[in-house]
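Throw the hints in and build the complete structure from the sequences for me.
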Amino acid sequence: MSALFALVDCNNFYASCERLFQPRLRHRPVVVLSNNDGCIIARSNEAKELGIGMGDPYFKHKNFLRRHGVAVFSSNYALYGDLSWRVMTVLEQMEPAVEIYSIDEAFVRLPPLCGSTAAMQARQLKERVDTCVGIPVAVGLGRSKTLAKLAARIAKKKNLGVFDLEHCREQQALLAAVTVGDVWGVGRRSVKKLNLQGIYTALDLQKSDTQRIRRTFGLPMARTVVELGGTACLSLEKCPASRKSIVSSRSFRQPVTELRDLSEAVSSYISIAARKLRDQGLVATNLHVFLATSRFRSDIPRFSGSRMVSLEQSTSCTSTLIKAGVRTLKALYERGYPYNKAGVMLTGLCRSDICQQSLFAPKNTKQQAALMGALDQVNDRWGKDVVRYASSGLSRSWCMKQARKSPAYTTNWSELPMVRA
DNA sequence: TCTGGGGTCCTAGGACCC
DNA sequence: TCTGGGGTCCTAGGACCC
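According to the numbering used here, the first sequence is numbered sequentially starting from 42.
No wet-lab data here; the hints were simulated from the structure.
These numbers come from a predicted model, not from an experiment.
Idealized CB from N, CA, C, for every residue including glycine.
One should not assume that every hint holds.
Stated by the list, open to error - Label pairs and their in silico Cβ distance ranges:
1) Gln213 x Thr257: 22 to 32 angstroms
2) Thr251 x Gly222: 16 to 26 angstroms
3) Glu305 x Asp340: 19 to 29 angstroms
4) Ala217 x Leu61: 36 to 46 angstroms
5) Lys198 x Ser360: 45 to 55 angstroms
As the list claims (entries may be wrong) - Subject to a maximum C-alpha distance of 27 angstroms in a straight line, what follows is the list of computed BS3-like cross-link-like pairs (lysine-lysine):
6) Lys364 x Lys285
7) Lys197 x Lys167
8) Lys198 x Lys233
9) Lys89 x Lys233
10) Lys198 x Lys89
11) Lys167 x Lys199
12) Lys285 x Lys382
13) Lys233 x Lys248
14) Lys89 x Lys167
15) Lys197 x Lys89
16) Lys197 x Lys233
17) Lys317 x Lys279
18) Lys101 x Lys382
In structure tokens:
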């Protein structure tokens with residue numbers, strides 16, 4: 042008997058968080074809005090029953106929400122982050138193998154258990170989170186992550202709390218009842234293509250030819266097919282890979298045309314991104330600035346572009362980044378466009394304690410070889426990892442190639458030693 | 001000078017996820 | 001009038017270099 046995956050998924054997470062502090066909203070519909078109160082990004086079950094869609098623009102529903110007595114909240118990410126941490130801590134206290142997948146979901150590996158024991162264990166997880174944090178969760182059990190996701194979906198849909206797809210007799214019938222677009226990893230674009238090939242349900246996809254899917258849709262989709270068949274391709278990642286990019290961007294309430302105003306906006310986004318960078322103990326090598334006009338307006342000129350600047354030295358210093366960012370913005374800016382959105386992205390991220398001592402950005406293959414040589418000497422165990430880590434100032438493709446060459450390559454950076462090149 | 005292969009860098013965009 | 005923000009991975013083409 043092999044191990045089972047459990048997916049613990051918080052129900053309507055943001056809405057549940059708001060409700061936690063206002064119990065009077067218990068049976069009332071609740072929605073939470075995105076930044077700028079632009080879109081609806083979380084809905085309680087009652088709000089879903091009213092027909093409010095995920096991502097719907099707030100302005101279109103404003104009157105409707107008022108008429109139906111829906112409680113509306115602007116988002117409070119600090120609160121959600123804190124409650125998420127509490128939920129994850131409870132899970133980690135109960136089980137040794139937990140992967141925090143997103144702010145409101147975690148995969149848990151359960152040891153091989155017989156049917157009733159697995160469900161019982163899942164129920165204990167659910168009850169503990171409920172008691173200790175007060176956030177309702179659904180738990181799905183399956184032989185792969187994809188099946189666990191599907192099971193959690195069924196648990197929510199049928200209001201079961203816990204659902205074990207592995208020890209369930211009607212597995213095939215249940216898969217046949219799930220449309221293929223509701224399978225984890227199958228997006229809107231692929232649904233159309235799959236339908237053209239006669240694949241409409243999760244069961245159809247499970248029964249399809251893996252090689253053909255691989256050729257038509259690529260590796261990730263082929264993995265989904267195998268996972269649906271009960272073979273785990275995706276493992277539990279206890280230590281999350283380190284960040285590869287940090288983004289800070291916003292849409293404007295009104296179109297912005299002046300460079301001065303855009304500079305102000307970009308500077309403030311850089312401050313936010315640099316703060317995140319420092320909080321995570323990282324430095325960045327590249328800064329991207331991007332600008333775009335509204336994608337919903339056909340009556341005004343369209344523009345969307347980005348520009349990157351490589352920094353002379355990896356840094357997390359706000360003023361250095363702002364100077365570079367404003368220069369880059371000037372190069373990107375074109376007069377006459379009503380810009381609707383701007384943002385910045387930091388890439389070439391590297392842990393600051395390693396980077397400050399060892400990183401120099403090699404300009405050619407000779408320098409690359411020298412860097413690799415120096416870092417390889419650290420020791421066999423860490424060498425390749427450090428190379429990839431310390432070389433984040435290099436191009437992505439070069440790093441990937443180095444990483445692939447190493448069979449022992451891992452993405453677990455948590456115990457990396459300090460290095461001097 | 002011509003020729004070609006192999007490689008990187010950059011930009012852009014597609015697809016997926018929460 | 002108003003339509004989110006933050007991620008990952010992959011692909012492709014043009015410019016450029018050795």
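Against the structure, the hints:
1. Gln213 x Thr257: 22 to 32 angstroms: Because 24 angstroms falls inside the window, the suggested range holds.
2. Thr251 x Gly222: 16 to 26 angstroms: holds, 20 angstroms
3. Glu305 x Asp340: 19 to 29 angstroms: Since the Cβ atoms of glutamate 305 and aspartate 340 sit about 27 angstroms apart, the hinted range of 19 to 29 angstroms holds.
4. Ala217 x Leu61: 36 to 46 angstroms: holds, 37 angstroms
5. Lys198 x Ser360: 45 to 55 angstroms: holds, 51 angstroms
6. Lys364 x Lys285: holds, 22 angstroms
7. Lys197 x Lys167: holds, 13 angstroms
8. Lys198 x Lys233: Holds. Lysine 198 to lysine 233 sits at ~24 angstroms (cutoff 27 angstroms).
9. Lys89 x Lys233: holds, 25 angstroms
10. Lys198 x Lys89: Judged against 27 angstroms, a Cα distance of about 12 angstroms means the pair holds.
11. Lys167 x Lys199: holds, 16 angstroms
12. Lys285 x Lys382: Roughly 22 angstroms separates the two Cα atoms, so the pair holds.
13. Lys233 x Lys248: Measuring from Cα to Cα gives roughly 18 angstroms; hence the hint holds.
14. Lys89 x Lys167: holds, 23 angstroms
15. Lys197 x Lys89: Holds: lysine 197 and lysine 89 sit about 13 angstroms apart, inside 27 angstroms.
16. Lys197 x Lys233: holds, 26 angstroms
17. Lys317 x Lys279: Cα-Cα ~22 angstroms, so holds.
18. Lys101 x Lys382: Between lysine 101 and lysine 382 the Cα gap is close to 21 angstroms, so the pair holds against 27 angstroms.
Violated hints are absent here; each numbered hint is respected by the structure.
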